[in-house]
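**Student:** All chains, please: the whole structure from these sequences, using the hints.
Protein sequences, first through last, are from chains V and L.
Under this note's numbering, the residue at position 117 of the first sequence is numbered 117, and the numbers go up by one with no gaps.
Under this note's numbering, the residue at position 14 of the second sequence is numbered 14, and the numbers go up by one with no gaps.
These are calculated hints, taken from the structure and not from any lab test.
Take every hint as true, because none was put in to throw you off.
Residues from chain V that face chain L, not an exhaustive set, calculated with beta carbons under 8 Å:
1. 140
2. 145
3. 149
4. 153
5. 250
6. 254
7. 257
8. 281
9. 285
10. 289
11. 293
12. 304
C-beta atoms are modelled at their ideal positions from N, C-alpha and C, and glycine is treated no differently.
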Amino acid sequence: MEKARVRRILVEQARAARRPGWLEFWRRFRRNKMAVVGLFIAGLMFFTGIFAPWLAPYSYRETDLDAVEQMPSWKHPLGTDELGRDQLSRLIWGARTAVIIAPAATLVGLILGLLMGALAGYLGGRVDALIMRLADLLFAFPGLLFALLVAATIQPRVEAWLRAIKGLEGFVKAGYAQVLVVIIALSAVGWPGMARLVRGQILLLKEEQFVEAAVAIGASPWRIIRRHLLPNALAPIVVAVSMGMGGAILAEATLSFFGIGIRPPTPSWGSMIYDNYSFWRHPAAPVLLWVPGLVVASLVFAFNFIGDGLNEALRPGS
Amino acid sequence: MLVYMVRRLLWLPVLLLLVGLITFALGLYGPGDPVQVMLGPRANPEAVARVRHELGLDRPFFVQYADYIWKALRGDLGESLKYRGQPVGRLIASRLWVSVQLNAVALALGVALGIPLGMIAALRRNTWLDYLTISGVVAGISLPTFVIAPIIMWFLAFRFRLLPTGGWDGIFSQRIIMPVIVLSTGSIAVFARQTRANVLEVMGQDYVRTAWAKGLRERMVIFRHVLRNALIPIFTILGLMMGSLVTGTFVTETIFGIPGLGRLGVESFFSRDYPVIIALTLLVASSYTLANLLVDVGYWFLDPRIRYE
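**Tutor:** And the structure:
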C-alpha cells in the first residue's frame with residue numbers, strides 16, 4: 001500500500017522531469033481553475049481585438065440619429081448610444097484599443113523597470129540610491145493626478161510631432177496619437193513599481209547560497225544568470241506583468257472616464273463609460289453603461305487570476 | 001533607529017521641492033491657460049495679458065517657482081484661480097475634513113469586515129467558504145469605482161428610490177451610505193486578501209508548530225501566536241491607504257458630488273487651477289511619505305526582529 005504510493009510519486013516525478021518545460025508548466029498552471037477561466041477571457045479579448053473589423057456588425061463611428069439610446073433589439077443586440085452608434089460594434093472595436101494599449105504600456109513599463117531595477121540592484125551605491133529616490137519621488141505623486149497631468153501635457157506635443165513626420169498624419173486622424181499618449185502616461189506611472197520589484201529580486205538572489213555555491217564551483221556568469229538568477233526572478237516578474245495588463249486596462253478606462261486619454265470617436269471601453277455616464281438613470285443604462293464597465297472589470301479579474309496561476313506554476317519547488 | 005528616522009525626515013523637504021518642481025513644470029508647459037479658462041474664451045488679449053501680469057504668470061519659470069516656495073514656507077500657498085480670492089490653504093483645509101471623515105468610515109468598515117473575513121478564509125482553507133471569499137475578494141479588487149457606483153446608484157437611488165443620489169451631510173446622514181459602499185468594497189477586499197495570506201504564512205512557522213506541540217488549545221494558538229503576528233503587515237497597507245487619501249476618492253467624490261479633496265483635485269485639474277493642484281500634490285506626497293515612515297516606526301515597535309541601520 002505504502003510502497004505503491006511511493007512508487008506512484010516517484011514515477012510521476014520522473015515523468016515530470018522528462019516532460020518538456022512548457023508542458024510541465026501548463027500542467028501546473030491548469031491546476032488553478034480560475035486561472036484557466038482568466039486565460040479564456042483574456043484570449044477572447046485578444047481574438048476580438050485582432051479580428052474586430054470582421055466581427056463588428058456596424059462601423060464604430062456610424063451614427064444614426066433616428067435610433068438613439070435604444071434598448072437592446074435584434075438589430076442592435078446591446079442597444080445604441082446617444083448618437084445612435086451600435087454599442088456592440090463599439091465594444092468590439094474597444095477591444096482593439098485595449099489590445100494595443102495594455103500590452104504596449106505594460107511592455108514599456110517592464111523594459112524601463114527591468115533596466116532601472118537591474119542597474120540599481122547590480123551596481124548598488126550611488127546609482128542605486130539615485131534610481132530608488134527617483135522611484136520614491138514618482139510613488140509620492142498621487143498616481144491618477146500625475147497620469148492626467150502627463151497625458152494632458154504631452155497630448156498636443158505628441159500630435160504635433162506625429163503630424164510633422166511624413167506619412168504619419170493619418171495616425172493622428174485615426175486617433176492613434178491619443179493611444180500613444182495614454183501608453184506614455186501609463187508607463188511613466190508604472191515603471192517604478194517594476195523597478196523596485198526587479199531590484200528587490202536581484203538583491204535577494206545575490207545573497208542566496210545556491211548562487212554562492214554556483215560561483216564557488218566555477219560556473220560561468222552566463223550559466224549563473226541563466227540557470228539560477230532568471231528562473232528564480234522570473235516568477236514574480238511574470239506575475240507582475242500579468243497583473244499589470246489588467247491594471248493598464250483599468251487605468252486607460254479611468255483616464256478616459258475623465259475625458260483625458262482616448263476620446264470619441266475612437267472606441268475605447270473607458271470612453272464608452274464616459275459617453276454614457278450622464279445616462280445612468282436611463283432605462284437602457286444597464287446595457288449602455290454597465291456592459292462596458294463589466295467588460296473592463298472582468299478583464300482585470302481575468303488577469304489577476306492568470307497572475308495567481310502563473311505564480312503557482314512558475315515558483316520553483318512548489 | 002533615531003538616525004534612520006532623521007535621515008528619512010531630512011529627505012522629505014528635498015522630495016517636496018522636487019515634486020513641486022515637476023508639478024509646476026507640468027502646469028506651466030501643460031495645455032490650457034488658467035487665465036483663459038478664468039476669463040472665458042472670448043476675453044480680449046489685452047485683458048488676458050493684464051491678468052497674467054497681475055498674477056505674475058509672465059515671469060521666468062524659476063523665478064515663479066522660487067517665489068512660490070518662498071511664500072509657501074511662510075504659510076502662503078497663494079489664491080485659487082477658480083474660486084477667486086480664496087486662499088488655497090483654507091480651501092484645502094475645508095475639503096480635507098470631509099475626505100478624512102469619509103475615508104475613516106470606509107477604512108473602519110474595511111478593517112472590521114476584511115480582517116475577520118480573511119481570517120476565516122485562511123482557517124477554513126480550501127473549503128467552499130474560502131473559495132467564496134477569494135472570488136469575492138478578486139471581484140472587489142477588479143471592480144472599478146466607475147462601474148460599481150452607477151450600478152449601486154441605479155438600484156438604490158433610481159429604481160427603488162431609497163437614497164438621495166449624492167451630496168454631503170456629515171457622516172451620520174444617509175447620503176454617506178452609497179459612497180462608503182463603493183469605497184469600502186476595495187478596502188474590504190484588500191484587507192481580506194492580505195490577512196488570509198499572512199495567516200497562512202504564519203501558520204506554517206516553526207513557533208506555531210511548537211505551540212501546537214505544547215498542547216495549547218486551538219483558541220490560544222490562533223489568537224496568541226497566529227493572529228498577533230499575522231496582523232503586523234496589515235499596518236503597511238493601512239499606511240499606504242492613508243497616503244492615498246486623495247487619489248482613492250477622485251472618482252467616488254466626483255460621482256457622488258462630495259465636496260472633498262478628490263473632487264477638488266479633479267475640479268482644479270479641469271480649470272487648470274495650478275495653485276490648488278500643486279498644493280494638493282505636495283499634501284499627498286508629504287502624507288504618503290510620512291505615513292510610510294510611521295509604518296516603519298510601527299514595525300519597529302511591533303516586531304522585535306526588525307532593525308534598521
